[in-house]
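Q: Given next are the chains, with one letter for each unit.
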Amino acid sequence: MPSVSFEHVRKAFGDATVVEDFDLTVADGELLVLVGGSGSGKSTILRMVAGLEEVTSGSIKIDDRDVTALPPRERDVAMVFQDYGLYPHMSVRENLSLGLRLRKIARQEIDRRVTWAAGMLGLAPLLDRKPKQLSGGQRQRVAMGRAMVREPKVFLFDEPLSNLDASLRAQMRIEIGGLQRRLNTTTIYVTHDQVEAMTLGDRIVVLADGRIQQIGRPIELYRAPINRFVAGFIGTPPMNFVDGGLREEDGEVFFRAEGMSIRVPHENAATSKAAESLTLGIRPEDLRLNASTTRAEGGPAGDAFTGRVVLVERLGGTSHVHFDVVGGSRMMASVLNDRLPDVGETISVGVPPDRVHLFAADGRSISNSASLPS
Amino acid sequence: MKRNLLARIALYAGLTIAALTFIYPFLWMASSTFKPPAEVGSLALIPHDITLDNYRTMWARAPFGRALVNSIFVATTITLSVLVFGSMTAYAMARLNFRGRPALNAATIAVLLIPGQLTLIPLYTLMVELGWVDSYTALIVPYLFNPTAILMLRQFFLQIPQSLIDSARMDGMSEPRILFTIFWPLSKPVLSIVAIFTFMGAWNEVLWPLLVVREQNLMTLPQLLTVFALGGGAGSVGVSLASAMVLVVPVVVAYAFLQRNFIESMAGSGIKG
Numbered sequence: 001m002p003s004v005s006f007e008h009v010r011k012a013f014g015d016a017t018v019v020e021d022f023d024l025t026v027a028d029g030e031l032l033v034l035v036g037g038s039g040s041g042k043s044t045i046l047r048m049v050a051g052l053e054e055v056t057s058g059s060i061k062i063d064d065r066d067v068t069a070l071p072p073r074e075r076d077v078a079m080v081f082q083d084y085g086l087y088p089h090m091s092v093r094e095n096l097s098l099g100l101r102l103r104k105i106a107r108q109e110i111d112r113r114v115t116w117a118a119g120m121l122g123l124a125p126l127l128d129r130k131p132k133q134l135s136g137g138q139r140q141r142v143a144m145g146r147a148m149v150r151e152p153k154v155f156l157f158d159e160p161l162s163n164l165d166a167s168l169r170a171q172m173r174i175e176i177g178g179l180q181r182r183l184n185t186t187t188i189y190v191t192h193d194q195v196e197a198m199t200l201g202d203r204i205v206v207l208a209d210g211r212i213q214q215i216g217r218p219i220e221l222y223r224a225p226i227n228r229f230v231a232g233f234i235g236t237p238p239m240n241f242v243d244g245g246l247r248e249e250d251g252e253v254f255f256r257a258e259g260m261s262i263r264v265p266h267e268n269a270a271t272s273k274a275a276e277s278l279t280l281g282i283r284p285e286d287l288r289l290n291a292s293t294t295r296a297e298g299g300p301a302g303d304a305f306t307g308r309v310v311l312v313e314r315l316g317g318t319s320h321v322h323f324d325v326v327g328g329s330r331m332m333a334s335v336l337n338d339r340l341p342d343v344g345e346t347i348s349v350g351v352p353p354d355r356v357h358l359f360a361a362d363g364r365s366i367s368n369s370a371s372l373p374s
Numbered sequence: 375m376k377r378n379l380l381a382r383i384a385l386y387a388g389l390t391i392a393a394l395t396f397i398y399p400f401l402w403m404a405s406s407t408f409k410p411p412a413e414v415g416s417l418a419l420i421p422h423d424i425t426l427d428n429y430r431t432m433w434a435r436a437p438f439g440r441a442l443v444n445s446i447f448v449a450t451t452i453t454l455s456v457l458v459f460g461s462m463t464a465y466a467m468a469r470l471n472f473r474g475r476p477a478l479n480a481a482t483i484a485v486l487l488i489p490g491q492l493t494l495i496p497l498y499t500l501m502v503e504l505g506w507v508d509s510y511t512a513l514i515v516p517y518l519f520n521p522t523a524i525l526m527l528r529q530f531f532l533q534i535p536q537s538l539i540d541s542a543r544m545d546g547m548s549e550p551r552i553l554f555t556i557f558w559p560l561s562k563p564v565l566s567i568v569a570i571f572t573f574m575g576a577w578n579e580v581l582w583p584l585l586v587v588r589e590q591n592l593m594t595l596p597q598l599l600t601v602f603a604l605g606g607g608a609g610s611v612g613v614s615l616a617s618a619m620v621l622v623v624p625v626v627v628a629y630a631f632l633q634r635n636f637i638e639s640m641a642g643s644g645i646k647g
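Each protein sequence line maps, in turn, to chains A and B. The first sequence begins at 1 in our numbering and counts up by one. The second sequence begins at 375 in our numbering and counts up by one.
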């Protein structure tokens with residue numbers, strides 16, 4: 001049974017359309033992540049589910065009940081806000097229980113739920129404190145607890161980790177994921193952070209300018225991005241892009257740009273007649289570096305090109321090697337630390353043909369050469 | 375070191391003189407109400423012979439007790455109304471989307487620009503037409519809304535994070551409930567300054583009551599005082615001053631209690647989560 005479904009939802013503020021024809025079904029118990037840059041419409045979509053924002057046209061259903069015109073309190077959803085939205089003048093206990101008291105739920109039941117949520121989130125010793133006396137992570141937990149005690153059909157998270165520092169963010173991310181699996185409540189999670197999206201989401205929806213770019217499992221978006229935007233957005237460090245064109249030689253197809261000629265799988269070329277102007281994408285972790293000066297040593301012709309190292313960022317486990325393609329653009333490779341080149345050194349860069357992505361001039365992917373795991 | 379000390383002494387001496395020039399007239403007035411007529415002319419702060427005659431005379435000659443009750447009733451009603459209706463208006467202006475909101479904001483500011491004296495005559499005519507002259511209604515109704523209060527509250531309400539309103543709506547609160555159970559507790563500083571200013575304004579108002587109230591039993595304290603002291607009812611300076619004390623003391627007491635809030639709100643305040 002679908003838990004939340006959007007049917008051609010559109011939202012406009014005056015003349016500006018911020019969400020265009022949003023059509024999607026969220027399965028029962030699923031954790032769906034909406035990810036996109038600022039202005040992509042992701043928070044607006046969430047607020048429309050919550051009832052905090054009116055839907056301009058289209059409809060939203062929760063468990064097959066049309067909620068499009070219902071006020072927030074009648075929708076059976078609970079939301080966690082970026083700045084938590086805790087009432088500063090009330091204790092943690094009051095913050096947790098207020099929504100239940102307003103719904104006239106029996107006192108014993110309220111106590112049971114508050115105790116349950118506080119136990120689950122480690123808030124039991126903090127129940128009598130005011131939000132001001134809590135750390136950022138604790139406030140975040142209270143905000144989650146407030147959503148949990150409502151026992152709603154749907155959880156909505158609006159960038160819940162943005163106000164936390166990096167280490168706490170990683171920890172809370174794990175907690176949210178674990179909590180969602182245990183409660184098995186349908187969840188829509190909005191973030192601009194693609195790491196959060198990749199690690200938390202059962203499925204991810206990538207948004208740009210109010211339109212869905214791609215929907216899929218995290219690994220699908222990573223391996224087979226449908227367009228250049230998704231390719232650049234998903235994955236850290238971001239994908240390298242090189243502008244160039246395709247050419248056929250001796251029955252093989254090559255991607256040619258200034259300073260490089262890369263063999264690409266044949267089927268790609270067949271699908272693309274307009275091969276004059278396109279973009280090659282390759283992830284930094286798919287590039288192979290060899291500290292050699294000649295192409296011959298780097299591998300068979302067409303699988304490598306030459307570059308000059310301009311910067312090496314050592315991150316510990318891996319390092320980022322930035323290099324200029326001779327006569328061409330700047331790229332970056334993510335490599336293990338065992339044999340790092342020096343700045344100024346000339347290197348041979350190997351490109352596995354099955355890891356190459358090609359994008360047409362309009363950004364559409366014309367190859368999904370990277371195969372998906374079954 | 376020494377120079378520093380001298381500068382400090384000079385500073386404090388200057389401040390002391392300044393403070394005395396402010397407080398001396400008030401203390402003189404207070405002490406003179408306890409002086410017999412022969413002593414009132416002296417500048418001394420401590421009377422030779424302490425007497426309550428001035429107060430007794432005042433109380434006997436005019437219904438000051440009744441005027442005190444009238445003043446408290448009128449000023450309290452006006453203050454409560456300004457707080458309740460003012461914050462409702464301010465909440466709508468600050469946080470709700472509706473057609474005509476910019477026009478309402480502009481109109482509120484425009485009202486501020488019109489001096490009160492300008493509307494005095496039309497307002498009086500209106501009171502006569504409505505048959506409200508010589509009634510509490512005439513004293514209270516024209517003051518139920520106050521644009522300054524609305525703008526101050528609106529400015530404060532604009533700073534309250536949107537997520538609090540969103541949370542409250544998701545928790546199932548109605549808009550009035552959000553205003554009175556979430557916004558009010560967070561807005562104590564601005565509510566108290568609005569309350570103090572409104573109360574003091576209503577308490578000290580003389581001109582309007584003089585226009586619309588002739589009946590002695592409906593007169594507010596400053597009105598009765600004016601009629602009494604200027605009209606020659608007092609008979610002596612001591613009695614005049616005693617009646618002025620009755621007017622001043624409640625305001626001073628209120629200020630003493632609310633001083634902390636008063637200074638806080640003057641210094642401005644924000645909300646930190």
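Read the hints as simulated data drawn from the structure, not as lab findings. Fair warning: there could be bad hints in the mix.
[To be verified] Output of the computed footprint for chain B on chain A, the stretches with three or more beta carbons under 8 Å from beta carbons of chain B:
| id | segment |
| --- | --- |
| 1 | 4–18 |
| 2 | 85–94 |
| 3 | 99–106 |
Where is the CB? At the ideal position from N, CA and C, for every residue including glycine.
Q: Now tell me, hint by hint, if it's right for this structure.
A: Going down the list of hints, with the structure as the test:
1. 4–18: violated (count 0)
2. 85–94: holds (count 5)
3. 99–106: Held - the segment 99–106 of chain A has 3 residues with a Cβ nearer than 8 Å to chain B, which meets the minimum of three.
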